[in-house]
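Using the sequences and the hints, build the whole thing.
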Amino acid sequence: MEKRATFSNLWLAAAFIAPQMLLIFVFFYWPSGEALYWAVTLEPPFGGSNQWVGLQNFMTVFEDPKYWNSVRVSLTFAFSATVLSLAIAALLALFVDRRLPGHQVYKFTFFLPYALAAPAVGLAFRFIFSPDAGFVSAINHAFPGLWNPALNGYDAFILIVLAQSWKMVGYNFIFFLAALQSIPRTISEAGAMDGASVLQRMRDIQLPLITPTLFFLIVINITDSFVDSFGIVDITTSGGPARATELMVYKIYTDGFQGKDYSLAAAQSIVLMVLVIALTFIQFRFVERRVHYR
Amino acid sequence: MIERTPVLDFITHALLIGSLVALLIPFWIIFVAASHDFHTVNQVPMPLMPGSHFLENMATAWERGNFGRVMLNSIVVAGGVTIGKIVIAALSAFSIVYFRYKLRMVMFWLIFITLMLPLEVRIVPTYAVAADALRPFKAIFELFGISVGLPEWNLLNSYSGLILPLIATATGTFLYRQFFLTVPDELTEAAKMDGSGPVRFFLEVLMPLSKTNMAALATIMFVWSWNQYLWPLLVVTDQQNFATATMQLQKIVPGPVFGEPPIWNVAMAANLIVLTPPVLVTIFLQRWFVRGLISTEK
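Chain order of the listed sequences is A and B. Counting from 1, one number per residue, gives the positions in the first sequence under this note's numbering. Counting from 295, one number per residue, gives the positions in the second sequence under this note's numbering.
Quick caveat, the hints were computed from the structure, so don't treat them as lab data. Using N, Cα and C, we set each Cβ at its ideal position, and we do this for glycine too. Hints may be right or wrong, so weigh each one.
From the structure, some residues in chain B lie toward chain A, with a derived Cβ separation under 10 Å [as the list claims (entries may be wrong)]:
1) Ile311
2) Leu411
3) Ile417
4) Val418
5) Pro419
6) Gly489
7) Val493
8) Phe495
9) Trp520
10) Leu527
11) Leu574
12) Val584
Next comes the structure, spelled out in C-alpha cells:
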C-alpha cells in the first residue's frame, strides 16, 4: 500500500528513522553477523586473533550426542506443549463462543496465566508438582515414589510441558475466540436451519473457518516454546535430571555462559536461528491467508 | 442459538467451569502456600485454605529478595522499554509510510527481519556487543583505516544495557505502520494545504489519532519487558544495584540443601510479589492488552 500524499524532506525522513536503524544495527545485525564469524572461527586459548576453522565448530556440535539430545528434547517439548495447549484452547474457545449465560466471565479470566513471567510459572509449578510438598505430592502419599521430577526424566519433562501449556492456553484462547467471533453469525445459523447440531456445526463450520488462525498459532507456539521456555526450565529442572529437559536455548546458555565456549555456543545459536527463521517464513505464508479471510 | 440443548448446555457449563478452576488453581495454590508457616506448607497433602502468616511471609520475602530496590529497577526497565518503543517505533513508521525515498523498502525489510529472531536466540553475540556498545563502529572504522579514539561504552550492569537491546525489535513499528496506512490521505492533504510541515503533522494530527494504538502497545510492552528473564540474568552481575524482579526468583528457589525441607512459603510469597504487577496490568488494562496482542502479532 502506498500513500498518495507524502512529504519530501529527506533529511527529516532520515532523522526519523535513524534511532530505530541505529538500535537494530548495534543490537541485531552486528551481533548476528558476529555470531556467524564466531561460528567459523576458534579463539586460541592463549590470546591472539581468532583462527579460521571453517565448519569445524558445526562438526563438533553435530558430533556431540548431547547436542542431538537437546534438539530431540526441544522438538518433543515444542510438539507436546503446542498440541496440548492448542487443543485445550480450541475446545474452550468453541464452547465459550456458544455464548451461553456467563460466557463473558471466561473471556476475562482464561488468559490470566499468560501475564506471568516464565520463571514465575516455573516456580509455581515446581512447588505444585514437587514430590514431597505441594499439591501433587498427595499422589506419592498414596503410591510412594510414583512422581518425582527431581529424579525421573519423564516426570520432569511432563512438568515443563504442563507449565508451558498452562501459560500458553490463555494466549491461544484469545486468538481462537477472536477468530470465531469474526465468523458471520449467519453462516452458523444457516447450518442450524439445515439441521446441523451444535457439535456438527463446530466440526464442519467453525473449525475449518479458524484453520488460518490455527496455523498461525502453531508457529507462534513452537517459537515461544523454543524461546520463552528458558525461564521455566531454569527454575524447575535446570535442564536435569540427566539432561532430560535440556532445551536448545538452555544448552546455549550453559555452554556459552557457564562453559565460556563462545564458538560452540555461537554455532548452536546459528542452527537455532536458522530453525526459527524457517518457522517464521512458514508463518508469513499463512499471514497472507489470514488477511484474506478477515 | 435456536435449538434447545439442555444436555449439551450442561456439559458446556461443566467443562468451562472445570477449566476455569483448573486454570486458576495455580494462583490459588501460590496464595495459600504464601500464607502458611514453614511447617504447615510442607505438609502432605498441603492445606487448601489460606493460613494466617501471609503478611509475615510477604515481609520476609520482600526483605530477602531485596524487593524494595529490585521492584524499582523493574519499573525503570519496563517503563524505559515501553516509552522507548512507543517513541522510536512511531518515528520510524512515520518515516517509512509518509516519505518517499529510494532506501525506503530496504529500511522496511531491514526492520521487518528483526521480527524473526527473538533476543533469546541470539544472546551470545548480543552479550558481546553489550560489553562495549561502540564496538561495531570501532570495527567499521578500523576496516577503513580511520583511527578515531572512541571511548568504551560498557552496557553491563546499567539500565541502558537492560533497556536498549529490548527496544531493538520491530513489533511496534508494524503496529504503527498498519495504522498509519489506514489514515485517509485527505487528512494529510488538508494538513499540507493548511501549511503544516511533516513534524507538525506528525505531532498534531497523527499522534493524537494513534492514542489507542499507543495504549495497546504500551500495555503489551510493559508486561513483556517486566517478564524478561534471560537477558537481565546475563547483563546484570551487580545483583545489589541492578537486579530485576524476575531475576530474584532464581535466587529464592528453595535451595537443594540436603536434609532440609525447602522454604516454600517465602518462595511463593516472593512469586506473588513478582507476578502481581503484570497481572494487575492485564486485568485493568485488558481491553488494550488483548487488542495489543492481536494486532502486534499480525
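Open item on the list: Tell me the hint numbers this structure goes against, listed in increasing order.
Closed with: 6
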